[in-house]
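J.: Model the full structure from these sequences, guided by the hints.
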Amino acid sequence: MLIVSGPTGGSEHDGGGHPERPARISAVMEGIDDLHLGTDVQIVVPHVANLAQMARVHDTAYLNELAAFCKAGGGQLDPDTYAMVDSWSAARRAAGAGLAAVDALRQRDDGVAFVVARPPGHHALRDRAMGFCLLNNIAISAAALTADDERVLIIDWDVHHGNGTQAIFWDDPKVLYVSTHQWPLFPGSGTAQEIGGPHALGRTVNIPLPAGATGDVVRRAIGEVALPAIDDFDPTWVLISAGFDAHRADPLANLALSSGDFAELATMVAGFAPRPGRLVLFLEGGYDVGALRMSVAATLGALLGDSYHPEDSTCGGPGTEMVHQARAEWDEAFHRARLLNPSERRVR
Amino acid sequence: MRPLQTIAVGFDGSLDAEAAVRWAFELASQVDADVVVIHAVGLLEYAAHRGVAVELEKTVERLAREAGIDSARVHWNLADGDPCSVLIRAGVGPVAADLLVVGSRGQGAHAGLLLGSTSHELAEHAAVPVVIVPTGREGQ
Ligand SMILES: [Zn+2]
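Respectively, the protein sequence lines represent chains G and E. Quick note: the first sequence uses our numbering, first residue 1, plus one each step. Quick note: the second sequence uses our numbering, first residue 1, plus one each step.
These are calculated hints, taken from the structure and not from any lab test. Take the hints with a grain of salt, since some may be wrong.
[Said to hold, decoys possible] Derived Cβ-Cβ restraints for the label pairs, each shown as a range: (1) Ala96/E with Gly271/G: 40 to 50 Å; (2) His335/G with Val54/E: 36 to 46 Å; (3) Met1/E with Pro184/G: 31 to 41 Å; (4) Arg56/G with Glu55/E: 40 to 50 Å; (5) Val92/E with His36/G: 48 to 58 Å; (6) Asp59/G with Ala96/E: 21 to 31 Å; (7) Asn77/E with Ala211/G: 12 to 22 Å; (8) Arg126/G with Ser29/E: 33 to 43 Å; (9) Arg2/E with Lys71/G: 41 to 51 Å; (10) Ala147/G with Glu66/E: 55 to 65 Å; (11) Arg62/E with Ala147/G: 48 to 58 Å; (12) Ala47/E with Arg126/G: 24 to 34 Å; (13) Ala96/E with Pro198/G: 19 to 29 Å; (14) Arg56/G with Val92/E: 23 to 33 Å.
[Stated by the list, open to error] The following residues of chain G were derived to be distant from chain E, with all beta-carbon distances above 12 Å: (15) Ser11; (16) Asp40; (17) Arg219.
Glycine is no exception: its CB is placed at the ideal position from the N, C-alpha and C atoms.
T.: Encoded structure:
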């Protein structure tokens, strides 16, 4: 069973000519249609997130300022990021879509949820919009879960490092943040030495990868670098920052994945969920609408046991060395930090 | 207070940023410091406008000639990220600037004052002092 929370953002928040555009939502929905799921798909209509839900991860002052900025007509927030009059409601609805997905899974205790919403979220910081993102959708959902004492694994396979999500949960032992991303690339953070704050040592795992890296390298990165931390963490929920801009056709980056690779990645990360009904995917990037459509279909198809493979998976690209290096750097940083903070214990 | 050895200045090609670069060159000449001129490469610039950085570098070279600063003292730095984050990072390693300089508007400035500008964000988060060069300082 696939639960689609949304779609939302299919018409509002349109910067005109900007790559983060409403057409991305239609492409995602076409990808879902390609699977012909029939009664196996359930649509959830999300509400806007409320202030208390958003304030778990954003400063109230920022939320008020963003609301006022949009109301006054909006504009550029930084060279990449725009907001318009209706962006405030679009962003709150995107955040609400994540919360609705979690609620739907809790009620059913079964299935997989996909949050089809924009604007995306993983670059948004506690006090600042950034990188096309206004509110950090996945963080708002993760914080709702940790408020109920859940342990949340976030896997971020978007081609860019999710600096906002990492920063928000930097010192939170209830969230394990794992990211694979092209390096060097925007936003410039996400080295393997970034392992979490003093109360959450080892709760951040970054695996930077070189341009041209293929699907086998990304899977190896998660299997060889992140898996020990995931096993140790023993998550009760798994949330995915599912950007599809690591696809080889994407205009914003240079990794070399195919839609088939996302299918394999999805199968891999689904294995980290403790039981059915505990996996939520959040749409992040993905700016080539054809690649986005295929990648969404392949990903969800794999999760639902459907063999929809519009493209073969890829292998043989560069990056194996960087994966080994990330493993060594993470280990070294972790052991050094533990020596400096002998009293700190990772909390389960 | 540690001596001013490295001054980092943000540059996006705007007139405000040019004023900031000129001010940084002037200060560097007085105190015998290096200047790292930093340009933030965002998501859109990475994708679409790779020629932009080349033009900006030429402008910085021209500003350096006009200021009469020793060109060996001037370093051009393209950094992935948003303007605010790359300057905050310049205050720590590997650039390890002792001072950050920005124009009062320019790259990353918000259309309104509601959300504060890059300079405001910097003042809040930077590890080292920040100088905001006021608009219209040129010619004064
Ligand atoms: Zn991305």
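J.: Indicate, hint by hint, whether the structure satisfies it.
T.: Quick rundown of the hints versus the structure:
1. Ala96/E with Gly271/G: 40 to 50 Å: 43 Å, holds
2. His335/G with Val54/E: 36 to 46 Å: 43 Å, holds
3. Met1/E with Pro184/G: 31 to 41 Å: With a Cβ separation near 33 Å, Met1/E and Pro184/G satisfy 31 to 41 Å, so the hint holds.
4. Arg56/G with Glu55/E: 40 to 50 Å: 44 Å, holds
5. Val92/E with His36/G: 48 to 58 Å: The hint (48 to 58 Å, Cβ to Cβ) holds, given that Val92/E and His36/G are roughly 53 Å apart.
6. Asp59/G with Ala96/E: 21 to 31 Å: 29 Å, holds
7. Asn77/E with Ala211/G: 12 to 22 Å: 20 Å, holds
8. Arg126/G with Ser29/E: 33 to 43 Å: With Cβ atoms ~39 Å apart, the hint holds.
9. Arg2/E with Lys71/G: 41 to 51 Å: 45 Å, holds
10. Ala147/G with Glu66/E: 55 to 65 Å: 57 Å, holds
11. Arg62/E with Ala147/G: 48 to 58 Å: For Ala147/G against Arg62/E, whose Cβ atoms are near 55 Å apart, the range 48 to 58 Å holds.
12. Ala47/E with Arg126/G: 24 to 34 Å: Hint holds: Cβ distance 27 Å, inside 24 to 34 Å.
13. Ala96/E with Pro198/G: 19 to 29 Å: 23 Å, holds
14. Arg56/G with Val92/E: 23 to 33 Å: The hinted range 23 to 33 Å holds for Arg56/G and Val92/E, with Cβ atoms some 28 Å apart.
15. Ser11: 22 Å, holds
16. Asp40: Asp40/G clear of chain E: closest Cβ-Cβ about 35 Å, beyond 12 Å.
17. Arg219: Nearest chain E Cβ is 25 Å from Arg219/G, so the label holds.
When the structure is compared with the earlier hints, no violation turns up for any of them.
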